[in-house]
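Now for the letters of each chain:
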Amino acid sequence: MLYGRQLILPDLGKSGQLKLKNTSILIVGAGGLGSPAAIYLAAAGVGKLGIVDYDKVEKSNLHRQIIHNETREGISKAQSAKMTIEGLNSLCNCVAYEILLDSLSALEIVQQYDIVVDATDNVATRYLLNDACVISGKPLVSGSALRMDGQLTVYNYKGGPCYRCLFPKPPPPESVLNCADGGILGVVTGVIGCLQALQAIKIATENDESPNNLLIFSATSYPLFRSIKLRSKKKDCVICGDHPSITKLQDYVQFCGSGALDKSPSVKELGREDRIEPKVYHNLRNETPHVLIDVRETVQYEICSLPSSINIPLKDLPKRIEDVKKLLETPNTSVYVICRLGNDSQHAVNILKNYLKGEVKDIIGGLYKWSLEVDQEFPIY
Amino acid sequence: MSLLKIKLSFSGGIELLFDNIKQKSVEIPSSINPPNSTTMKDLISWMKDNLLKERPELFMSGDTVRPGILVLINDSDWELEGELEYEIKDGDDIVFISTLHGG
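Line by line, the protein sequences are chains A and B.
Sequential numbering from 1 applies to the first sequence in UniProt numbering.
Sequential numbering from 1 applies to the second sequence in UniProt numbering.
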C-alpha cells in the first residue's frame, strides 16, 4: 500500500488521505522550488498536479532542479517533471503546461485547481499569480530563494494578506537579483520547496492552524529559521481589499518594469567605440602592451580567469583607481575590462574613463563570448 | 541625552548594502530629532547616514524603505507596530528583509 506509513498518522488518517486524493494543486515553475514540491506532493497522493513551465532542462540547473536529470537535457521542463511524477506515482493525474503563464492564460488554468504553489523565479509572475489567486479565490503557497536564503508565505488564505497587501509596489528592477547572477545553493531551494509541499498538504487536509506568518530561512544564520507575524489583509488593498480597483489581470511586465524571464538582461551602456570584440582582443593580446582588468567578484575569478588578468571587483573599483594607475607602463597604456557576460565591464569602463588618459574598452559579451568564439576550452558557468 | 541599544539584522541580500554584515548592535540617541523620541523614520535616516555603505536608492525611497523591503520589529510585521511612527525602545530587535524572487 502506497500510503500506509502516512495513513497511520493521527494528523492525517484515512480522511486526510482522501482529501489529498480529491485535491488538485497547480505548481507554477518546475525549477529549484517546484522540483521537490512536485515530487513530495505526488508521492503523498495528491490526486491531480498541474505543472507549468515554458523552459527547457539545462545542465547548469540540475544541482537544484532535481525532478529532471542529465538524459533529459533540452526537453521541456513541464514534460520532464510529468515523466518523473508518473514514474513515482502512477495514481497521480499530472498535467504539463508548456507555456509562459501570462494575463491571458493564467485565470483559466488557476481556476481548475484548489491550491496554487508559486515556485517561479521572477517578480512579474509573482504579481500575476497573486492577482489570479485573489480573483479566483485560491490560496497561494509562495516560496522564493536566492544564494543561501529562502522565504515562505501563504497568501490569500483565511483572512491573511495577499502579496500586494505586503508589497503594493514592485521593487526597482535593479534591486532584483536572479539565481543565474546571484547564485543559489541547491539544497536551499530544496528546503523551501519541501516546506511549500508541506504547507499545501496542510491546507488540503485542513490541518493548518498557524497564523499569518512569513518564514525566513538562512543557511548561514543561527537559528536557521525565523517566523514573523504578518499583518492581516489590508482593507484598502487594490485587489483583495474592501473596494478593489483591480478586478481583472493586468500587464505585469509593464507594472514591474521587468520581464517574466529570469535571464540576465543584456546592458548597452557604452558606444561601439568603447568596446572590443573578443576575437579582436585575442589578436592584439600578445602584441600590444596593455592591462586586462577582470571586474567579477573574487569568488568567480577563482573559478577561472584569463592569464595575466588582474582581478578588481566592480564594487571596489572606485576606491582602487590608484592601483589601476600603478599597473600602467605609461599614462597612455590601454586598459581592457572583462567580466562574465559583458554588463559589469561596461559600467567599469564608464568609471575608469574619468581617470585614465589612454584607451579604455570593455570586451563584448565577456568571458562567456570568449569561450564561444576564442577558446572553447575556457569554462563557462 | 540617553542612548538606546538596539539590534539590527539584515537578510535576503540587503546586507550587501551594509558592508555584508548580517547583525549589528548599535547605540542610537533616544532623541535623534529633539524633543521627540526616536522613531523608525529617524532610525532609517540615521542608518543611511551612519551605516549604509553604497547605493542609498536600493535602501530608501523618500523617507521610508524602498518597495520590496519588509521591516520587522521584534519579530512582527512593522505595520502592526505603527510603521514609521513607531517609537524605538531600548533592546528592540529590528530586521530589514529584502524579498527574494528566485527559485
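Since the hints were made in silico from the structure, they are not lab data.
We put the CB at the ideal spot given by N, CA and C, even for glycine.
Watch out, some of these pointers could steer you wrong.
[What the hints assert, rightly or not] Simulated restraints, written as ranges between beta carbons of each label pair: (1) B:SER76 <-> A:ARG320: 39 to 45 Å; (2) B:SER25 <-> A:SER227: 21 to 27 Å; (3) A:LYS315 <-> B:ASN50: 40 to 46 Å.
Now the hints, each set against the structure:
1. Take SER76 (chain B) and ARG320 (chain A): their Cβ atoms lie about 42 Å apart, and the range 39 to 45 Å holds.
2. Restraint check, SER25 (chain B) to SER227 (chain A): a C-beta distance of roughly 22 Å satisfies the suggested window 21 to 27 Å.
3. Taking the beta carbon of each, LYS315 (chain A) and ASN50 (chain B) are about 20 Å apart, not inside 40 to 46 Å as hinted.
Violated hint: 3 only; the structure is consistent with all others.
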